[in-house]
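**Q** Protein sequences, first through last, are from chains A and B. All residue numbers for the first sequence refer to this note's numbering, where the first residue is 1 and numbers rise by one. All residue numbers for the second sequence refer to this note's numbering, where the first residue is 1 and numbers rise by one.
Take these hints with a grain of salt, some might be off.
Said to hold, decoys possible - Here are the computed lysine-lysine pairs in the DSS-like style, where the Cα-Cα straight-line distance is at most 25 angstroms:
hint, chain 1, residue 1, chain 2, residue 2
1, B, K179, A, K176
2, B, K168, B, K23
3, B, K52, B, K23
4, B, K52, B, K13
5, B, K199, B, K168
6, A, K176, B, K105
Just so you know, these hints were derived from the structure itself, not from any lab.
So you can see what is in the structure, the chains are spelled out below.
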Amino acid sequence: MLDLLQRTLEGLLEAGPYALIGLGLTISFGVLRRINLAFGATALLAAYVGSWLHVRWGVPALGVWVAVIVITVMVGFYVEWMCFDIADDSVMAMRRQSSVALGLDAREASVLAVSFALWMQIEQVAVNFQPNHLHPFPDLSSKLNFDWGGIDLRPDRILVFLLTSGLIAGLSIWLKHSQLGLGIRALSSSQAAAQVCGLNVLRLRYIGTAVSCVLCGLASCAVLSMDGQVTPMFGMWVLLKGLTCALLGGLGSVRGVLGGAVLLGITEAHAQSLWGPIGRDAATWGLLLLALVVQTRPLKHPFFMQRRFE
Amino acid sequence: MLEIEEIACSYGKIEALRKVSLKANPNAVTCLLGPNGAGKTTLMMSLAGILKPTHGSIKFEGQNLIGLTPSQIVQRGLALVPENRLVFPALTVRENLMAGAYLRKDKPGIANDIEQQLHRFPRLRERINQLAGTLSGGEQQMLAVGRALMSRPRLLMMDEPSVGLAPKVVAEIFGIIQKLHHEGTTIFLVEQNVHMATKVTQHFYLLQQGRVTFSGTPDQLAGDDLVKRAYLAGQSATA
Numbered sequence: 001m002l003d004l005l006q007r008t009l010e011g012l013l014e015a016g017p018y019a020l021i022g023l024g025l026t027i028s029f030g031v032l033r034r035i036n037l038a039f040g041a042t043a044l045l046a047a048y049v050g051s052w053l054h055v056r057w058g059v060p061a062l063g064v065w066v067a068v069i070v071i072t073v074m075v076g077f078y079v080e081w082m083c084f085d086i087a088d089d090s091v092m093a094m095r096r097q098s099s100v101a102l103g104l105d106a107r108e109a110s111v112l113a114v115s116f117a118l119w120m121q122i123e124q125v126a127v128n129f130q131p132n133h134l135h136p137f138p139d140l141s142s143k144l145n146f147d148w149g150g151i152d153l154r155p156d157r158i159l160v161f162l163l164t165s166g167l168i169a170g171l172s173i174w175l176k177h178s179q180l181g182l183g184i185r186a187l188s189s190s191q192a193a194a195q196v197c198g199l200n201v202l203r204l205r206y207i208g209t210a211v212s213c214v215l216c217g218l219a220s221c222a223v224l225s226m227d228g229q230v231t232p233m234f235g236m237w238v239l240l241k242g243l244t245c246a247l248l249g250g251l252g253s254v255r256g257v258l259g260g261a262v263l264l265g266i267t268e269a270h271a272q273s274l275w276g277p278i279g280r281d282a283a284t285w286g287l288l289l290l291a292l293v294v295q296t297r298p299l300k301h302p303f304f305m306q307r308r309f310e
Numbered sequence: 001m002l003e004i005e006e007i008a009c010s011y012g013k014i015e016a017l018r019k020v021s022l023k024a025n026p027n028a029v030t031c032l033l034g035p036n037g038a039g040k041t042t043l044m045m046s047l048a049g050i051l052k053p054t055h056g057s058i059k060f061e062g063q064n065l066i067g068l069t070p071s072q073i074v075q076r077g078l079a080l081v082p083e084n085r086l087v088f089p090a091l092t093v094r095e096n097l098m099a100g101a102y103l104r105k106d107k108p109g110i111a112n113d114i115e116q117q118l119h120r121f122p123r124l125r126e127r128i129n130q131l132a133g134t135l136s137g138g139e140q141q142m143l144a145v146g147r148a149l150m151s152r153p154r155l156l157m158m159d160e161p162s163v164g165l166a167p168k169v170v171a172e173i174f175g176i177i178q179k180l181h182h183e184g185t186t187i188f189l190v191e192q193n194v195h196m197a198t199k200v201t202q203h204f205y206l207l208q209q210g211r212v213t214f215s216g217t218p219d220q221l222a223g224d225d226l227v228k229r230a231y232l233a234g235q236s237a238t239a
């Protein structure tokens, strides 16, 4: 019983960074109406630059975190520009005022293909930039465990969980109560209506992209600082975790993503305990497939799905 | 107040509007009639800044609107109630109204105007925290009108507000249009329901295949053979 509780709590602590990545993807989907497949590759390239700054120039942890977040935003905007501005000609048409937002979904397939190509391109750039397999990242992990009556929990994981929880709470409040938050939620709800109401759709898309990238960069730093290293698999890891949480949450609900992240974290922790690392990976893929097959929404309970971005 | 001169608009090689000219006078209801595919919605989208005409000019209170973004056009004092309402389905009624005032900065004024819209549309007050996507068609239409009024427009443009609504709700919507007109709001209305439109309109235009083919008062409209054949004959039984 104690072991069950131990695994559940470990899974819960994992859920914090998962939720941040999932929220990043969800906001990106909300404002762009497209899944950004290059999301993980963006995080990988930024992490590699962070590692390089740390190893080559001795940049301290805080500087590396700032650099990773800035690079994630920069690469994120490159993807946004290449993939969602150039490939999606309806956006160009919106700029030229020759198309209404109602027609924006016409180029989904080409946007998805470009997004996939950018994933490959950015990952290749990262691997060429840092050809080795393992790259050190500023290690902030704790070597001590807290013992809470037989339950061992690492303080660094607790700290990351608290940090991410605070961020998510702040983000929810911002989305719910600020003018920009209202704009992003409105755009996510109906792009055509947003255009009609005079909302600056393109500006809101850029803000959404920036927020999404900052969340991704923060989550990357939190996870990598606990591991103390980056591998080429990190990009895939980010995309897989983010996509699973976002799809489980129904792509559009903060509560849904939180629920998805908790489900993913706890399922992975128990699978790891029962079947080892392969079982953990299998559980992740299984949840992703479940989300896709059941047309997602195992969490489509009114509590989770009540409103977009709440 | 609104002067449209010879505007043309096309989707690729397809010409939707061919040198359309018309006017909307202040404190009046001007109605644009036309069958499906005549170019009515294209004209509304051009007025709202979503589409850019390839030719001609649109002047509002003397200022040219061509090339302005939808945000700038809302700031100039025009608001559109789009066809099929286009409310924000995942936002509450209150949030939809707030989105209508997105470009305004005066918080007390916004709160006051929300209260005013809820007074105007009591049914929206009952559903203030309900998601707009769960409202009935008529309630969504009221919300779309309320949302447009939240930007304090000097010209309210309404694109087929009666479409898809039950006759009782249509009568209610036209009652609201009449009330807005009596309050001094200038309205540019696009409609297919001629009988209801004649009750509130001071000047009619008829748009067919991208061209204006009629311009006149409700009396002139009633006496026009072409309009009679196209509209009034089929609708007199249902009026």
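**Q** All the hints need checking, so say for each whether the structure fits it.
**A** Evaluation of the provided hints:
no., hint, result
1, K179(B) x K176(A), "34 angstroms, violated"
2, K168(B) x K23(B), "31 angstroms, violated"
3, K52(B) x K23(B), "19 angstroms, holds"
4, K52(B) x K13(B), "15 angstroms, holds"
5, K199(B) x K168(B), "15 angstroms, holds"
6, K176(A) x K105(B), "17 angstroms, holds"
Of the hints listed earlier, those the structure fails to meet are numbers 1 and 2, in rising order.
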